[in-house]
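Protein chains: 4
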Amino acid sequence: MYSFSCDYLEGCHPDVLAALCETNMEQAPGYGDDRFTAEAIREIREACQDDSAAIHFVNGGTQTNQLVIDTMLDSYEGVLAAETGHVNVHEAGAIEFSGHKVLALPAHNGKVAADDVRDYVHRFYADGNHDHMVFPGMVYISHPTEYGTLYTADELRDLADACHQSGLKLFLDGARLGYGLAADGTDVTLPLIDELCDVFYIGGTKVGALNGEAVVFPRGKEPSHYLTRIKQHGALFAKGRLVGVQFATLFKDNLYLRISRHAIEMAGQIRQIFEDAGYEMYIDSPTNQQFVVLANDDMERLSKYVGFGFWEELDADHTVVRFASSWATMQEGVDELRAAVATCLKKTE
Amino acid sequence: MYSFSCDYLEGCHPDVLAALCETNMEQAPGYGDDRFTAEAIREIREACQDDSAAIHFVNGGTQTNQLVIDTMLDSYEGVLAAETGHVNVHEAGAIEFSGHKVLALPAHNGKVAADDVRDYVHRFYADGNHDHMVFPGMVYISHPTEYGTLYTADELRDLADACHQSGLKLFLDGARLGYGLAADGTDVTLPLIDELCDVFYIGGTKVGALNGEAVVFPRGKEPSHYLTRIKQHGALFAKGRLVGVQFATLFKDNLYLRISRHAIEMAGQIRQIFEDAGYEMYIDSPTNQQFVVLANDDMERLSKYVGFGFWEELDADHTVVRFASSWATMQEGVDELRAAVATCLKKTE
Amino acid sequence: MYSFSCDYLEGCHPDVLAALCETNMEQAPGYGDDRFTAEAIREIREACQDDSAAIHFVNGGTQTNQLVIDTMLDSYEGVLAAETGHVNVHEAGAIEFSGHKVLALPAHNGKVAADDVRDYVHRFYADGNHDHMVFPGMVYISHPTEYGTLYTADELRDLADACHQSGLKLFLDGARLGYGLAADGTDVTLPLIDELCDVFYIGGTKVGALNGEAVVFPRGKEPSHYLTRIKQHGALFAKGRLVGVQFATLFKDNLYLRISRHAIEMAGQIRQIFEDAGYEMYIDSPTNQQFVVLANDDMERLSKYVGFGFWEELDADHTVVRFASSWATMQEGVDELRAAVATCLKKTE
Amino acid sequence: MYSFSCDYLEGCHPDVLAALCETNMEQAPGYGDDRFTAEAIREIREACQDDSAAIHFVNGGTQTNQLVIDTMLDSYEGVLAAETGHVNVHEAGAIEFSGHKVLALPAHNGKVAADDVRDYVHRFYADGNHDHMVFPGMVYISHPTEYGTLYTADELRDLADACHQSGLKLFLDGARLGYGLAADGTDVTLPLIDELCDVFYIGGTKVGALNGEAVVFPRGKEPSHYLTRIKQHGALFAKGRLVGVQFATLFKDNLYLRISRHAIEMAGQIRQIFEDAGYEMYIDSPTNQQFVVLANDDMERLSKYVGFGFWEELDADHTVVRFASSWATMQEGVDELRAAVATCLKKTE
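Chains as they are written, first to last, in this note's numbering: chain A, 1 to 349; chain B, 1 to 349; chain C, 1 to 349; chain D, 1 to 349.
Each hint should be verified, as a subset may be incorrect.
Below are the DSSO-like pairs computed for lysine-lysine, each with C-alpha atoms no more than 27 Å apart in a straight line [what the hints assert, rightly or not]:
#1 Lys169(B) x Lys221(C)
#2 Lys221(A) x Lys221(D)
#3 Lys252(B) x Lys221(B)
#4 Lys169(D) x Lys221(D)
#5 Lys169(D) x Lys221(A)
#6 Lys252(C) x Lys221(C)
#7 Lys221(B) x Lys221(C)
Some residues of chain A that are not near chain C, with every Cβ distance over 10 Å (derived) [what the hints assert, rightly or not]:
#8 Pro106
#9 Ala153
#10 Arg261
#11 Glu265
#12 Gln269
#13 Leu302
#14 Lys304
#15 Glu313
Just so you know, the hints here were simulated from the structure itself, not pulled from any lab data. All residues carry an ideal CB built from backbone N, CA and C; glycine is no exception.
Isolated chain A, as found in the complex (with noise of 0.2 Å):
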């Protein structure tokens, strides 16, 4: 059974197989000093526009989200995030082992908006107890979101403006970045995020890789030993070359774009089929998650043909589900949906 359930499902891009295949049984140096990484670094900063970026590789999203706010935010400083946000809801406490408070914003379909870290700045400073309070030290956001929308660039200017303007960071959570890069209509670049935040991280495991995420200080602007660091949150790969050469693969001809591209076409696929049969999209996202509301009848019907991911509770009746694409989906698993769909779903209302 063809499975949407969620978007790291297979293993790696093929390109990416082939060069950890080629590279096998080179020698290299550990811990990230190795020719494929210095490869892969200088790709990245030529995708950013950013000669100085001083870039890291991590094995996963929640180790780096606790690494960069622990290792970005003072002691004292927590972090802003959407009440939806990862770090607040799905990291199991990680930031708060790491000693930092993280202090939830309403969410709109996934976002922070810049008004309200400004109202939330303002009402802090404002109070006359705030020494006794944990100080907003950064803001979280992620693109693509947990609901697979995103922010605009006129959106991330005003964001960063807030923070900057408040002496705040500004963290961008990529996990998923490549399908939002990818998207219809953004008008987000990687060297704009470059431009705009204070760190990000170009996720890997869900787009073409087999680990990894490359976290991202422009301007070379990384605290101090980094490294010891990364250790320290014990994050530190012995074989740097793992990941150096899937990042190296993944943005050499543009390949990282090119693969996120096909996860987007699937998605809209995905989400033509859901809307000729009648369906509605729980939120609408243009990358590669796609939430349908089916009637829980339905629901129960269309899983014994397809996989598909439980996201919420909509009512006593129905259920929102969330399909995801990604660079691996094939054709024949999208037209398996499509058959399924016609055979088993009736628009109940």
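With the hints as your guide, set chains B, C and D onto chain A.
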């Protein structure tokens, strides 16, 4: 100028001071191994009607909250609290510093509702991803709350049920516990708290002592090696006698409740003064904290005659202010307040 | 230039790579819930002769050590380790980052002596102030040690006795475990380790895998909610398949031991080359790491022909250097080393 | 039975108690914003001859050490201390609880040698793997040490040089500072300590106060947002007046030094008593702690007449015991000791 700005403006109750003077030069071993601490423990056990309660003394409230929450929770657990709760807002991240997330619940006049706890726990375990989330391990309540309100015995029983049915612990922050126990109409007693809670503390700093809070583990159910855990948190008194003498005095002949009752009577007069002058109370508080809504002009004028605390902006023209009484509040002070209100406040609406 | 500088210079064993290629496009659920991980667990349980072992996969050694120590110890406990132990010296404080003290014991060629453990525990409990001290809660050993040495079965039994008589846990860091199991003359087997330890890990990164370590809790004795604890540490793989496939391959048909044996044979040749040339070994290592004492001039000359690791200054004129073999070491590389030694080293003493 | 078992057996100096009584009912704002604290700061600045010193008051020694070390170090740094230092042995892991490693140096009668610091730093930076190790960021010393010994001004200068040449901070734990400053023959003064250290604290708990330690950051060099950092550690006094009144009294008219001098004189008599009886001192201490080597039989007999502290076993037949004097030691108590020694001790060697 007499002040009502908080309930820790003076030193300690004269009887407590007398006891410190009398015992000052007596030699006593350190770290709580002295006869005064033993006496305080006996008195508190008696007041709680719990012969086997384990009791420890800590310097202040935030320290106590950090210590109790950190040592009672497993590492993967967080603490549920009202969004207005002290641990969520005014402890500068002391809970997160020790690695735990505060999981905010709606506040109902500062209180946590048992059904909100049940609902949170239900949704948590219903979520297929809950292994990626912080487990709810404890409910934190304050009694009186930060808004001066009180739980009823039924509400407390319901909350304890909601906790214990789901394996959660119930922790009651009693920084102002005396003012709750001495309030008119309350049916919550120390033995009831001891019966229902897994841990609670009896505040000294705000109720007659120079410093010190008594942490009570009913029926001796304290985590193992508690002295070591206190020491590790930097919270162990070398001269345990200092708090031992104070609590032994406060719990002899019911002094703690008698001096708390004084504060309640003073608070009643304060409330009457404002109501007689046509002012509205922001919240209906039966304890020592009275929250009054003042027009900003009135607030400005009154502030030249008596001290009080700014609480929060209500709207552009009105502010909520706090008048706190305590064991130390003098009738002369309240009379000054009455005169000041008569002189300078004209209800503006 | 061929290098012996460490044992993580190449990618992964060709069979492992082949398995990754074959399974690459198969869809599999995340977070270790895939069939490859299930297969790896089955194979490792069989190799350990422990049907109920609980097994989890983590990315690297420092992460594993931090995770295991933090989750197995109570908050007031520390871990005993040789002063030369990896957790005491080369993990950038990752253990302390999670709140635990490393309690250093004397190192005997990198090993911990059971009697030193007994002595430490005896002195600890004999000290009237031990409630003000960090409780010893675990003994950490590495096998092979950082110096390539091995425990005998008797030493391991004695150590386990010393631990268990005092309620301490025994944790074996097996980053290079294969090279220990495959060494000549060892009587320590995987089932014996499983029998004696409370937790141990089987290293993949240095023994045939691209990345990954297998944490084993013998007889299913893992701390509760372990997946959540792993996630909280930022250590949970989204694509658990990546390590699942690798360990399933390594433990099929004894591959792990066979490739480890190759490293031992290569290490034997390396040792012979130096001994034939009249050089002394710094330590008598039966495993893949060989420590040679070189005159500084000789070291300088040799470094132009082959790569090796600087270990420590012995005296003003001599240096200890490390030659590490691995599953990947090529006979041609060893032959190059032989030629280089013949060409450029003249024993100077 | 009179006791010399430690230097925190009594309450506080009568003048301090009198000041607490006099000021008891005066209203004062919380959190250190009161006139007593301001007065204490003025007095201490004057005693230190440092008009811009930033000064904060904390409840006890372990709390202070945890707070200072955690807030002065970067996250990847540890603190060098004598292996016998309080932070390394007797704080139940409070330093590690806040994430930092204690890096043990050899102890020379409880003291750290400047050359050991230089050597440690040299070896650290010479090690090619130091990025994988905990960076030395601070040197912790106690003055007097845990063994009652004192640094000379030259030793302190040398230590400060060793620190500052390598970018390390120097932290002096003055839990018993008065007894050091008042000792015979010392050339270390408060202004000198202020000149050489980056942070130090002046102990109150053991030198005349009920509780409280004064943390001094010379020349105003405190970390930013220090009140918030103190609060986050649970270490902020609500009633700052309690320690404010005490330190204002202790530093008025040189009281701190005068009462410390009394302890020194009492310690001199204690020492003389044992030397006259033919006993050896374990260590040559010019301060209030005197360490005597007693045959176990003698120790047993003497313990029925006076109280003293067990320190450590010297050999099978001899024990090191501690007699501590303090500001509170009474001549009558010392006379009792003299009589007891005369009565029951016969030097056994």
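Status of each hint after checking the structure:
1. Lys169(B) x Lys221(C): 25 Å, holds
2. Lys221(A) x Lys221(D): 25 Å, holds
3. Lys252(B) x Lys221(B): 25 Å, holds
4. Lys169(D) x Lys221(D): OK: Lys169(D) and Lys221(D) at ~12 Å, within 27 Å.
5. Lys169(D) x Lys221(A): It holds: about 25 Å lies between the C-alpha atoms, which stays within 27 Å.
6. Lys252(C) x Lys221(C): 25 Å, holds
7. Lys221(B) x Lys221(C): Measuring from Cα to Cα gives roughly 25 Å; hence the hint holds.
8. Pro106: Holds, because the least Cβ-Cβ distance between Pro106(A) and chain C comes to about 26 Å, which exceeds 10 Å.
9. Ala153: 29 Å, holds
10. Arg261: 19 Å, holds
11. Glu265: 18 Å, holds
12. Gln269: 18 Å, holds
13. Leu302: 17 Å, holds
14. Lys304: 17 Å, holds
15. Glu313: Glu313(A) is indeed farther than 10 Å from all Cβ atoms of chain C, at 22 Å.
Comparing the model with each earlier hint shows no violations; every hint is respected.
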